[in-house]
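**Q** Chains as they are written, first to last, in our numbering: chain A, 793 to 1082; chain B, 10 to 375; chain C, 10 to 375; chain D, 42 to 273; chain E, 42 to 273.
Keep in mind the hints are simulated off the structure, nothing from the lab. Please read these numbers as outputs of a predicted model, since none were measured by experiment. C-beta atoms are modelled at their ideal positions from N, C-alpha and C, and glycine is treated no differently. Be aware that a few hints might be false.
Stated by the list, open to error - Chain C regions said to be covered by chain E (calculated; three or more residues, Cβ under 8 Å): (1) 154-168; (2) 256-269.
Unchecked claim - Distance ranges between label pairs, derived from CB positions: (3) PRO1009/A with ASP79/C: 57 to 63 Å; (4) ASP168/E with ASP270/B: 37 to 43 Å; (5) GLY101/E with ASP79/C: 35 to 41 Å.
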Amino acid sequence: GQARESAEAPEHKAIILATTTSTQDSGLLDELLPLFEEQTGYLVKPIAVGTGEALAMGERGDADVLLAHAPAREKEIVAAGFVINRRIVMHNDFLIVGPEEDPAGIHGSDNGAESVERIAETGTRFTSRGDDSGTHFLEMSLWDAAALDPGGDWYISTGQGMGATLLIAAEMRAYVLTDRATYLALRDRTGLVPHVEGDPLFLNIYSVLEVNPERFPEVNSAGARAFSQFILGREAQEIIRRFGVEQFGQPLFFPDAGKSEESVGAFPRDGPRGLTPAPGRAPDDLTPWS
Amino acid sequence: MNEFVLELHDVAVTYDSRTVLDVPHLAVSRGEVLTLLGENGSGKTTLLRLLGLLVRPIRGRVVFCGEEVDFGSARRLLELRRRMAGVMQEALLCRMNVRQNVALGLRFRGLPKPEAQQRVDAWLERLSISHLDDRPASNLSGGEAQRTSLARAMVVDPEVLFLDEPFAALDAPTRQSLLQEFKDVLADSGVTAIFATHDRGEALGLGGRVAVLVGGGVVQVGSAEAVFSRPERADVARFVGVETLIPGRITGEAGGLVQVDCGEVQLEVEGDWEAGEEVYVAVRPEEIELHDDADHVVGPGRNVVGGRVAKTVPAETHFRVEIDGAAPVVAVVSRARYRDLALKTGQSVQASFAARAAHLIQRAGD
Amino acid sequence: MNEFVLELHDVAVTYDSRTVLDVPHLAVSRGEVLTLLGENGSGKTTLLRLLGLLVRPIRGRVVFCGEEVDFGSARRLLELRRRMAGVMQEALLCRMNVRQNVALGLRFRGLPKPEAQQRVDAWLERLSISHLDDRPASNLSGGEAQRTSLARAMVVDPEVLFLDEPFAALDAPTRQSLLQEFKDVLADSGVTAIFATHDRGEALGLGGRVAVLVGGGVVQVGSAEAVFSRPERADVARFVGVETLIPGRITGEAGGLVQVDCGEVQLEVEGDWEAGEEVYVAVRPEEIELHDDADHVVGPGRNVVGGRVAKTVPAETHFRVEIDGAAPVVAVVSRARYRDLALKTGQSVQASFAARAAHLIQRAGD
Amino acid sequence: MELIWNGITQALSLLLQGNPQVLEIALLSLELSGLATLVALVFGVPFGALLAFKVFPGRGFTVTLVNTGMGVPPVVVGLFVSIVLWRSGPLGFLELLYTPGAIVLAQFIIAFPVITGLTMAALQQIDPKLLLQLKGLGASRIQLVAVLLWETRLPMLAAIIAGFGAVISEVGAVMMVGGNILGHTRVLTTATVLETRRGNFEVAIALGLILLALTFLITWLLTLFQQRSAAR
Amino acid sequence: MELIWNGITQALSLLLQGNPQVLEIALLSLELSGLATLVALVFGVPFGALLAFKVFPGRGFTVTLVNTGMGVPPVVVGLFVSIVLWRSGPLGFLELLYTPGAIVLAQFIIAFPVITGLTMAALQQIDPKLLLQLKGLGASRIQLVAVLLWETRLPMLAAIIAGFGAVISEVGAVMMVGGNILGHTRVLTTATVLETRRGNFEVAIALGLILLALTFLITWLLTLFQQRSAAR
Ligand SMILES: Nc1ncnc2c1ncn2[C@@H]1O[C@H](COP(=O)(O)OP(=O)(O)OP(=O)(O)O)[C@@H](O)[C@H]1O
Ligand SMILES: Nc1ncnc2c1ncn2[C@@H]1O[C@H](COP(=O)(O)OP(=O)(O)OP(=O)(O)O)[C@@H](O)[C@H]1O
Ligand SMILES: [Mg+2]
Ligand SMILES: [Mg+2]
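One chain only, chain A, in its complex shape:
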């Protein structure tokens, strides 16, 4: 592309970005990457895969930079020394959606564990991604919290991405735990309505991680650093904030550059459906841009 020639081309141009499908499927990357490429002259190859695979790519050194949303697993590979510089980029939230009739009677709850317990008790259908994704891990922790081991005819493990799982849930009139971005994208198609939201556990935190160049010398560490600086930078964070407002009437992600996990947590509890972003959360001053 001609647009990319504005910046001086770096020596090692290509950056492999391993990311979860939600960032690509939502269209966020399509907004961010051209800008980054234009500003820096790098060429990003986003590989959208499952969270598990994305992290595995980091572990093998087959990617330069990761964008993931499974904090616990991320910390593991940081601790193991495969990746470095894990920094929080943004968050959105999860919610449990289901058929409008709400057969399990969980509408309005803000307790995920209780809700899944009700679902299990009533034997209402529930679709699980079953693919070791961040969403799947969260769902598992809800079952854990309810001290249940789900299984049986009502428990449908799809082993697919969020979008497909939502579609299946719609067809089967089942409940499903979903991230907000994907749900909004498919809301009209599925006709599912939100029933449970606002549980503190439902926080979905995305971080950027650089692959450790000491461990994997062939890694494009300069590019990785540039990317993580870019995505934490003012311009990118502003794009994240606005992304989706036009189409869905609400943002899909909330910028969090510079925050720690604890400080991301505050859920706005106003409004029966959906979140209204707290004002003045722009992280402009929080991200150093060199």
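Given chain A's structure and the hints, the job is docking chains B, C, D and E with the ligands onto it.
**A** Only chains B, C, D and E with the ligands this time, still in chain A's reference frame:
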């Protein structure tokens, strides 16, 4: 019994809009053997296919046992076809063993296995291919394949049999004995057979009627003897081996014989023609005798043509001698006579033939 | 010039471990025409393929122009094969038009297009298939296909030509004239030709040497005349049309002629045999004359066998007459003689033949 | 490379331990793809024969359509089948989506043009004179086609192998219309993809190898038959 | 159903507006799949001829392998190619992963057995006597194979169509080894899947239709040639 098994009325067959067969009328009687003769590409195979209801004429009617064939009804066509069987010119065998190939027609007709086996065995035996019965058909020799193809048609015991040069790849003794046997089988069973061949001996040996095709048309039909000794057209004459065709013009009649002026020679021939007509004097080669000198040859009703030996060609039982002279003549002489005459190229000889052994053919434009 | 183009030394060919050809020795001289005769499945095609370097013998040596052929070297094989050309028994044409088919061999040899076209044109003309030149080969008639196949081999103008029943599907006049032309071409060009056929007339007409195959072995090689009139074995005799084979035993010699006791008749034959030997008296049918009564037949050196007419079969130039009697005899009589004798089945006749026209064949175990 | 080795070990251990879940998935794969291939044969062979032998208006267009069918992306097939089978779709009342039946349907649509197209090409290769010869021996239309299929058994087996291979290996459409639901519609390919996404490459490779082994077995049987008849 | 209709409208508008991005993606699809098919032909046809005509030890096994290859799940191919091309893999130094080259490689591996297997089946159908006849006319090995391929042009074109169809429609492997990177390795199939995942079914259908139209065009040209030569 003059019942017709097959009749053609004013039919024509085209390939890619080229007419390759055009027959105003042809009828085949039950139990007869009809032999088709004609040069390559004259339409013999096409005629067999038409009679076998395998190609659709663009015009005209085909009548089978009194019933006009409806080429639109696949079911009826199949029923009629199952009363016939054909041997194609090429032995197109399927990729099965010999026995399975021979059994195909019976399988199509749903014959019970044991009976089928028995009939197949009988024909394998008859055509001396029993020892090949489990050989894949693809690695037979040419003659073995043709025998298999022949057995495949014979075994279904049809009412009408179509044979397209069925013996061409067989060795001479087999051909001879098979022809004999074949004739007997046909006579016994009353099967109607239509037979295309290039072998004049076969046509004569079968002894039925002969139809001569030229350029897609049937130009002469008659007994084998009649067609071979009294061809009605010059092209037919050449084709049936009447190679001596001396052009001339009728001058009149004398002693019951037509007088023909052939330029350097005057010939006498039996027949009933008017003076002034342009004709060929046609004589079969074996009717022509050769002599050392003219003295021996005398008598009324005997024509003599002088000339020189142009070429001699040995054949199985005789020599074929071409003579250039007042008129080109082709004669056949026995080996003994050939030795007696000590014929050599360039030698001067006299050729004679009886007035009743020759006949006249109309000479058209040429 | 007794240069050998092809020699076989102790070769054998097997298919599926069945030996179908086993030849201790065979040599083909430059420029000669060798005709292979033999019944179906006797190995003619296989022998042609072997000589054409298209099958690999399991044993023995093939020598081409003095060079032992190395069947392991594909390159050398190709070079040698390009000096030959073959016409297979079946006209296996490619799915192209006639011209392209005929040009194949030239294309393989990389001949420049204009020259190739010219040569193709010449042969299309010669075989009267010019009008078919852009017809797809798949819809030719049988004879047209065979002509194409023949042109395809002839056009490459090879040193050695293999022809496997090349005229079987041609109409009789074409076959006759082509055979003639063929003979002239071969004589002019010095091409070596090896020719398999079932037609005895062709074998005689070509006039070269004849090799007779029986069950994969070459049992007699000699001039056409020799093989046809003096077959050395009973099976060869039957195959070349020597149908009269009267079993007997030598009793001695008289007047320079061997005396043979054949049970009811005593025969005299030329030859040099010892008393007591078991033999057949072999006579070609055209050497046998038929007579109404015995009176006419006299003289030394002439044998007479009486009998009754069992069967008469018309052929193109003659009648074939089978006689049952003291010994079974098959004779060929001209149409004229047939008419004179007015032969009928069951009629009593005398068959005579000259002592020098018969020969003796060893009678083995049987 | 080590991964592949680990995958092989894992595949062996899964098989030797007789892991019931893997066995179930493998059997389901075979069953569904086998059934889809069979149905495709039942419809594709006669249709291929029709296209090979009959001349009718629109034949050329139909042939192109069938040949195009070989190049239709399975995901597009999956998409269309999904749309048709959705609750809101015209066949929604059948409640077929996310059932094995939906998988068979999609796989049938994928295999059908492959088998039809290759059948047609195989049969067109036959000498028209053989057709006449068989008709002349009294073959009905069905008998004719039966003999001709036997004649062309080599390319026909290749067609079956290609058709079966196309569906047993397909994942996109099967994922879409089957839903990859554990215990119901999870087959070997979708399970492989799932394990890949999970980053469990060894298990993915193991499943892939089991699928390969299965395909090899089936193909081996078909090939044995194919090549044995090539000998004749 | 309405979705499909909207998809058609969208496809038309994308095409008529000459949307440069869609055009680029479509061209890339054609280019890569065409190249992969070509390479597969270059290797597959001689190999198929070898298997058809040569008898050598291990031939039966090789034939089975090739036939199995038709049933190898593209995702497994994708997985193997990925593993080999990973930075940590044996060919990692080539830096081929996530490039069009990797796509061509994977597609080649997918098309190769299809073309080899169908070539073999087509050539084995030939009368061995025709082989002898051609050798007897002085054909070298290459000339022989060339003439025989012309003889079997109907099934050979079917083989090409099947091979091209298999790769142009493939998505799993292409996604894995290409990475579906916009402007580099995004082809019609991966774009379709992406749009489906995004819930943009209309666009997905539109892309699918464009792919279908492309395939139809190519197939139409090949079929035209195939059926014209069927006439002779
Ligand atoms: N490919 C093959 N595989 C097995 N056997 C074969 C093969 N080709 C020929 N044969 C057998 O080898 C023997 C000799 O065959 P060949 O074709 O040489 O006979 P031929 O003398 O040419 O016969 P014909 O006069 O019938 O053409 C026959 O018994 C035949 O069945
Ligand atoms: N399928 C076809 N398409 C076009 N023309 C054909 C087809 N079959 C035969 N012909 C042509 O029709 C004419 C008659 O062919 P036919 O096969 O009937 O001749 P034939 O008398 O049997 O010749 P032969 O003695 O060579 O077998 C020939 O000129 C031939 O080229
Ligand atoms: Mg014919
Ligand atoms: Mg032969």
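**Q** Evaluate each hint against the coordinates.
**A** Hint-by-hint comparison with the structure:
Coverage of the region 154-168 of chain C by chain E holds. Counting CB-CB distances below 8 Å, 3 residues qualify, and the rule asks for three or more. Judged by the Cβ-Cβ criterion of 8 Å, the region 256-269 of chain C is not covered by chain E as claimed, because only 0 of its residues qualify and three are needed. Checked against the given bound of 57 to 63 Å, the beta carbons of PRO1009/A and ASP79/C, roughly 58 Å apart, stay inside it. At about 59 Å, the beta-carbon gap between ASP168/E and ASP270/B misses the expected band of 37 to 43 Å.
Remark: the range hint 35 to 41 Å for GLY101/E to ASP79/C is contradicted by a beta-carbon distance near 29 Å.
Hint compliance for this structure: hints 2, 4, 5 are not met, and every other hint is.
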